[in-house]
Amino acid sequence: MYGRRASQLVRELASSESGQLTAFNNDLFDQVIKECNEHQVQLQSLLRKIQDDGLDIQTTKNADHFGAVAHHLSLIRNKRCLMAYMHNRAEIIRSLRWKVGPVLPQEIQQKLSYSEEEYFKNHSTALESYMSELDLDLTVDMVPPKDPYIQVRVLDDIGDVLLGDQSASLMRNSVHSLKRTDAEQFISQGLMEEFLE
Amino acid sequence: MASGSEEAFWTEEDAQSLAETTDVELLKRAWRNEKAAPEILSFQANLVQRSREQIQLLEETVEELSGNASDDLIISLYQMDLDRALFLLRSYLRVRLQKIEKYMLHISKTQLWNRLSEQEQKFAEKCTDIMEKHLQQSVLARLPYGYQSILKQSISSEEDDMVPEPQLDTFVFCKSKGSVGAFQLDDTGDEIVDLVADDLYVLRYKSIKGLVEGGQIDLV
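Keeping their order, the protein sequence lines are chains S and X. The first sequence begins at 1 in UniProt numbering and counts up one residue at a time. The second sequence begins at 1 in UniProt numbering and counts up one residue at a time.
There's no promise every hint is true.
[Stated by the list, open to error] The calculated lysine to any residue pairs, modelled on SDA-like cross-linking and capped at a C-alpha distance of 20 Å, are: (1) Lys61(S) with Arg80(S); (2) Lys126(X) with Trp98(S); (3) Lys133(X) with Glu91(S); (4) Lys133(X) with Ser95(S); (5) Lys111(S) with Glu91(S); (6) Lys99(S) with Arg94(X); (7) Lys126(X) with Thr125(S).
[Said to hold, decoys possible] Computed footprint of chain X on chain S, listed as stretches where at least three residues anywhere in the stretch have a Cβ under 8 Å from a Cβ of chain X: (8) 54-66; (9) 154-162.
Derived from the structure by calculation, the hints contain no laboratory data. We put the CB at the ideal spot given by N, CA and C, even for glycine.
Can you make the complete structure from the sequences, with help from the hints?
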């Protein structure tokens with residue numbers, strides 16, 4: 001059946017958890033592309049046949065014409081599915097820039113296609129140049145502030161870090177009271193967690 | 001008792017009308033509208049500029065206070081005020097960026113383009129280039145001739161039919177500041193709503209678009 005593989009591709013998106021990325025389905029993707037090109041071959045040969053029969057392409061409404069229309073529509077549908085797949089994945093990839101930061105962990109990177117990896121890097125650079133032009137980091141402060149200070153527990157040996165005008169020694173498992181803006185970058189990198197008593 | 005409450009009432013009223021015109025309050029409004037509107041609204045250039053100046057002032061105040069060892073409580077109050085203002089500003093800019101990211105193609109080919117700040121326009125341009133390149137090399141270049149456009153489904157489409165657009169007929173919660181009076185919701189005039197000040201309405205964004213842009217109604 002025409003268009004079945006493409007719909008599988010889209011269904012994969014729909015069934016995955018929102019905001020979560022599944023591994024890029026290279027096989028299926030290539031198959032759909034191949035299908036598109038087969039449609040084109042069929043479409044062209046039908047159009048040629050109409051011409052060879054000495055009929056006008058615009059007005060002929062015979063079996064060949066409707067065959068060609070079916071191929072054309074299948075091709076368009078496949079294209080829409082492919083684009084929807086890429087587009088929605090790109091949306092998730094962009095959201096990762098906000099949630100995870102400029103460097104993606106290995107396990108996420110494995111799920112991206114080569115072009116997607118490039119897309120992430122380029123998009124991230126574009127965002128950074130916007131923020132540096134504004135001289136304002138927009139990736140911190142993702143939740144409305146309650147208290148300017150929060151309690152955090154350090155998950156990894158970070159060492160001595162200069163925070164504002166004082167340095168703190170961030171050893172594993174130690175608990176600190178830090179400025180929320182300072183702590184956020186560590187939390188998003190997974191080096192700290194909010195410490196709730 | 002009676003006179004006392006009356007007095008309190010007046011000062012409260014005064015304070016409220018005063019509070020409504022501060023930049024923080026204006027920024028909060030702009031932020032709320034931006035968050036709730038499905039499409040991008042005009043960039044509040046002056047307001048953002050003023051807010052940034054005030055934030056800088058606050059930063060200096062906090063620094064000064066912590067320099068001369070003032071009361072910790074006072075410093076932390078200032079700090080909290082500062083953090084809140086910063087959050088508002090950042091979130092406002094962020095919401096806009098996310099809309100640009102989502103609807104870049106639509107924005108760049110319509111009037112909406114003029115609603116962006118200079119920096120946002122630059123960002124949108126870059127975004128579009130990157131997105132185009134990405135889609136080009138992973139999908140479009142591999143499709144047959146005639147089906148390679150990013151804007152059209154195929155060469156036979158008469159208009160751009162592959163551009164994601166914001167849903168303007170989605171419902172939004174809104175509150176009118178002053179009394180707008182009888183307002184026509186659709187073109188045919190079948191549906192008319194009497195917009196009373198401070199009442200809460202749920203309406204289609206499309207029909208009150210003009211009022212939001214004109215600042216007569218606020219989204220919540």
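Against the structure, the hints come out as follows:
no.: 1; hint: Lys61(S) with Arg80(S); verdict: 26 Å, violated
no.: 2; hint: Lys126(X) with Trp98(S); verdict: 18 Å, holds
no.: 3; hint: Lys133(X) with Glu91(S); verdict: 15 Å, holds
no.: 4; hint: Lys133(X) with Ser95(S); verdict: 19 Å, holds
no.: 5; hint: Lys111(S) with Glu91(S); verdict: 14 Å, holds
no.: 6; hint: Lys99(S) with Arg94(X); verdict: 13 Å, holds
no.: 7; hint: Lys126(X) with Thr125(S); verdict: 9 Å, holds
no.: 8; hint: 54-66; verdict: violated (count 0)
no.: 9; hint: 154-162; verdict: violated (count 0)
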